[in-house]
Structure formats: C-alpha cells, structure tokens
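Peer 1: These protein sequences, in sequence, are chains A and B. Position 140 (the first sequence) corresponds to 140 in this note's numbering; numbering is contiguous. Position 226 (the second sequence) corresponds to 226 in this note's numbering; numbering is contiguous.
Hints are supplied without guarantee of correctness; some may be wrong.
Same chains, same label: a pair holds when it works inside one copy or across any pair of copies.
[As the list claims (entries may be wrong)] Below, computed lysine to aspartate or glutamate pairings styled on DMTMM-like, alpha-carbon distance capped at 20 Å: (1) 150 with 124; (2) 40 with 64; (3) 90 with 195; (4) 40 with 8; (5) 150 with 10; (6) 40 with 195; (7) 40 with 176.
It is worth saying that the hints were derived from the structure and are not from the lab. If you're wondering where the values come from, they're calculated on a predicted model, not measured in any experiment.
Number of protein chains: 2
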Amino acid sequence: MNLILLFDDDFIAPARVRLSDRRYAHIRAVQQPEAGQTLKVGLLNGAIGRAQVLRVDDQSIELETCLDQMPPTALPLTLILALPRPKMLKRTLQTIATMGVKKLCLINSYRVDKSYWSSPLLADAAIREQLLLGLEQAGDTQVPDVSLHKRFKPFVEDELPAIATDTRALVAHPYEASECPPAEQTLTTLAIGPEGGFIRYEVEKLQQAGLAPIHVGQRILRVETAVPVLLARLFPPL
Amino acid sequence: MNLILLFDDDFIAPARVRLSDRRYAHIRAVQQPEAGQTLKVGLLNGAIGRAQVLRVDDQSIELETCLDQMPPTALPLTLILALPRPKMLKRTLQTIATMGVKKLCLINSYRVDKSYWSSPLLADAAIREQLLLGLEQAGDTQVPDVSLHKRFKPFVEDELPAIATDTRALVAHPYEASECPPAEQTLTTLAIGPEGGFIRYEVEKLQQAGLAPIHVGQRILRVETAVPVLLARLFPPL
Chain A
1 MNLILLFDDD
11 FIAPARVRLS
21 DRRYAHIRAV
31 QQPEAGQTLK
41 VGLLNGAIGR
51 AQVLRVDDQS
61 IELETCLDQM
71 PPTALPLTLI
81 LALPRPKMLK
91 RTLQTIATMG
101 VKKLCLINSY
111 RVDKSYWSSP
121 LLADAAIREQ
131 LLLGLEQAGD
141 TQVPDVSLHK
151 RFKPFVEDEL
161 PAIATDTRAL
171 VAHPYEASEC
181 PPAEQTLTTL
191 AIGPEGGFIR
201 YEVEKLQQAG
211 LAPIHVGQRI
221 LRVETAVPVL
231 LARLFPPL
Chain B
1 MNLILLFDDD
11 FIAPARVRLS
21 DRRYAHIRAV
31 QQPEAGQTLK
41 VGLLNGAIGR
51 AQVLRVDDQS
61 IELETCLDQM
71 PPTALPLTLI
81 LALPRPKMLK
91 RTLQTIATMG
101 VKKLCLINSY
111 RVDKSYWSSP
121 LLADAAIREQ
131 LLLGLEQAGD
141 TQVPDVSLHK
151 RFKPFVEDEL
161 PAIATDTRAL
171 VAHPYEASEC
181 PPAEQTLTTL
191 AIGPEGGFIR
201 YEVEKLQQAG
211 LAPIHVGQRI
221 LRVETAVPVL
231 LARLFPPL
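This is chain A alone, in the form it adopts within the complex (with noise of 0.2 Å):
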C-alpha cells in the first residue's frame, strides 16, 4: 500500500478523514504512524497529496489531508484479454490497475475453460477489490472500468470494430506476426489471448475487426508475464 485510497464518506470534516477498516490496520501494522507525520494518500477517482497524522488509537486514526496532485497519467489503451483462470485472474487485474490500465475487457475464447465464467471472483465488489490493490500499490486513484464478455463473436463482431477504430490496434499472437511497434503514448487497443492462445479462427475474426497480430519475440509467455511486457514494450514510461 504506497497510497491509501480515501472515499467520500472517510470524511468526518473538509480535509479531515476517520478511518478504521482495513486501511486504519495497515497503516497501524506497517507505518506506525504517530501524530504529525506524514501519510501519501488519493481521493478515489480523484486526487492525490499528503496527510499529517492527526490522532491516532486502537481503533481509528484521523487525518488531515491536502490533494493537490493529479494521479499519475493513465495508459491510452483498451486492453482485452481472454479471461485467466481465477488465480491468475486476481493477480492480473491488480496489475493492469497498477500499470494504469483504464478500460479491460475481458472475453471468451475457445481455450477459456467455462467454469471461469462462474468463478466468485467476477461478482463487480470482488473485481473492485483487486483493482483497489492495484491503484495502491501504484499510487493511483483511477479505478479501471471492467466488463465482461461472454460470448466471443459478438463481442469482436458488433463492439470491436468501434473501439479500434482509429487507435493502433493490436492483437499478440505469436505465430505470423510483425514485431512489437515502438512504445508510444499513443491511443491503443490490445487483445492477449489465453494460456495456448487464440485459435486460428479467433484470430482472423479479430483480424477482421482491424487488429494487426504482432509478438514480442520467439519465447511463449504465460499471461501474466505477457500483460506487463505488452504495457512496458507498447507505452514509454511516463
């Protein structure tokens, strides 16, 4: 936690903040803080600055806050991925959060076992939860908007083209593909497939929603190796 993330109703007073859930826990367990020091924290989807400690005991801690920067800039990039396997799915959705990711769309394939569909892990407040971990982790308050697909030729067919168009449209796949493009602030659409990858039929279907395949050399990734490189390779460091 390099942030903690401060919601409306944390305010007991302008710029003051209560708080004693899981964030009062944490920051008792990990920073021992004592009054008058300082605390990084970030309004959710706003803001982010300081805190000084105000008053802190055993079963709250009070804070007075100043948000006077913007959180960090956000990727320009749509990214879509075949959904992980439960596991892999919690860890992946608290990185694309802390690498700035802004918009996930997560789909079908044919290699996406369906019992993933049902996974608990996919009710919205457990999808929050990941993402909040991810934006304090980073230092960001942007919380990622996520939607779930479950059919995969619709979703490529009738959404698809709209959102690629005009962006640098990319597909990663491994097998007759052009080299990764330079990393650019540019906006993007990215479509990673699951652990085998797209089929051949997936990929011409995305093909023809005017994505362009492209790889990141002659090693096969797993997923959640495949995410940060993709984001690192196709955006520079801001």
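Given the coordinates of chain A, assemble chain B onto it according to the supplied hints.
Peer 2: Only chain B this time, still in chain A's reference frame:
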C-alpha cells in the same frame, strides 16, 4: 508446457526417448498424442527441435527426436534480486527462466524478512523445479544459474564490482533516478530491491559498486511486475 525438456537419462537409443513421469502425464492429458504426431522438444542445456510419437500406452510414451535448432537467445544479464517472499519467489523463478535470464543472484536486504532464507523453496531441487517450468513455458533449454547471498555487504563490496565492470550496471529505484535507458542487447547488471525498496544505505552501496539508479515511471510496481517490465524495457524482443 510449450516444449518438452529431455534429459540424457531419457534416451533409450540414439534419437529415441521414453518418458513415463510428469511429462508423460502432461502430454497424455493435454496433447492426447497419437503415433506419427510431432511435439516440440529440447535437450536440457542443449538444442531444441521436434519429436515424432512412435508409441504411446498407459505407462509411457516413446519419441524419435530431431534436435537441430538453437534454443532462444539468452538475455546478456546478471539479475540481482532481493530475495522475495516464498510464494513470489516461485513465480519469479519461473518468470526469469521464461524471459531468458541466465544468471540470478538472490541477495539479502534490510527489508527482506529473515524467515524467507529458511524457505524450503530455496533448496537446489526446488529452485530447479521452478526454473524448468519456466524453460518449458518459453521453449528454452538453458538452465539459469541461481546463487544465494545471505549477506548484503560482502556481496555488494566483494563480488558485485567485478560483476558490474564493463556492463550497463543499473539499480531499479524509484527516487532520484534517471529514466530507464533504451532497449539494447548489451551486457547488463540489474539490481531490483524487495517490496518497499532498498534502503538509502543499500542504494548508496550499490552505487559505490558501479550501479546507476533508474526508474520506469511514477507508478510503484510490485517485484513480480517490476521484473518483466524492466526486462522488457532494457532488452529488445528476440
């Protein structure tokens, strides 16, 4: 498993192997092979190629191998990593093997919990198991060399300067650092700290050993994200 790693012991005749262990079970379950089919294989620390299924039954599979290609290019890198917590170590060992790191030094740091050094995951066989999984994922055969350095100061003072000499020597550190240099296939030494980062004293010692601090943007990344991001930024896709 995108490549089946073969060992000298597997050969029952020249260019002929019989498998009956984890690899057999995996091939059986995932690839449902039939006689005549070809699979991707590689000899441990040797060449890669294809193997034709000669025979498969309830106990074992026999393959005829043709190992005529070089494994993927390695990263010209010595990676120095503060020992991560055991669960993250497991994944990180797989990731570095997948990405082509061939020299990893796991070191101590102020923020490394002492208990991590007694994890059973640090046994030679346990480390090797994770590395082989990473190689099988990537399609590589060259096992990385992993060394353990339980004392920070002797390693950084006595061993690191020689490792770093005549290489692009860097320490990932988010503060008072230059931007990550561009991707280049050049001899590199890279140190990555623990969760929470190296402390100031450690960064100074690393700088005295010749390492220059670099950052990859404003966001603070977890170690398991920082590793693929830094490797993707520092080396071109090969």
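Peer 1: Classify it for me, residue 40 with residue 8: is the Cα-Cα distance of at most 20 Å met within a copy, between copies, both or neither?
Peer 2: For residue 40 and residue 8, the Cα distance is within 20 Å only inside one copy (17 Å; across copies 56 Å).
Peer 1: Is it within a copy, between copies, both, or neither that the alpha carbon of residue 150 lies no farther than 20 Å from that of residue 124?
Peer 2: within (15 Å within a copy, 43 Å between copies)
Peer 1: Regarding residue 40 and residue 195, is the shortest C-alpha distance of 20 Å or less found within a copy, between copies, in both, or in neither?
Peer 2: between (37 Å within a copy, 17 Å between copies)
Peer 1: For the identical chains here, do residue 90 and residue 195 meet the 20 Å Cα criterion within one copy, between copies, both, or neither?
Peer 2: both (16 Å within a copy, 19 Å between copies)
Peer 1: How do residue 40 and residue 176 come out at 20 Å by Cα distance, when the copy is not named: within, between, both, or neither?
Peer 2: The answer is between: 18 Å across copies meets 20 Å, while 46 Å in one copy does not.
Peer 1: Taking 20 Å as the upper bound on the Cα-Cα distance, should residue 40 and residue 64 be classified as within, between, both, or neither?
Peer 2: For residue 40 and residue 64, only the intra-copy Cα distance (11 Å) is at most 20 Å; the inter-copy one is 61 Å.
Peer 1: Measure nothing new, just compare the shortest in-copy and cross-copy C-alpha distances for residue 150 and residue 10 to 20 Å and report within, between, both or neither.
Peer 2: neither (36 Å within a copy, 44 Å between copies)
Checked against the numbered hints given earlier, this structure breaks only hint 5.
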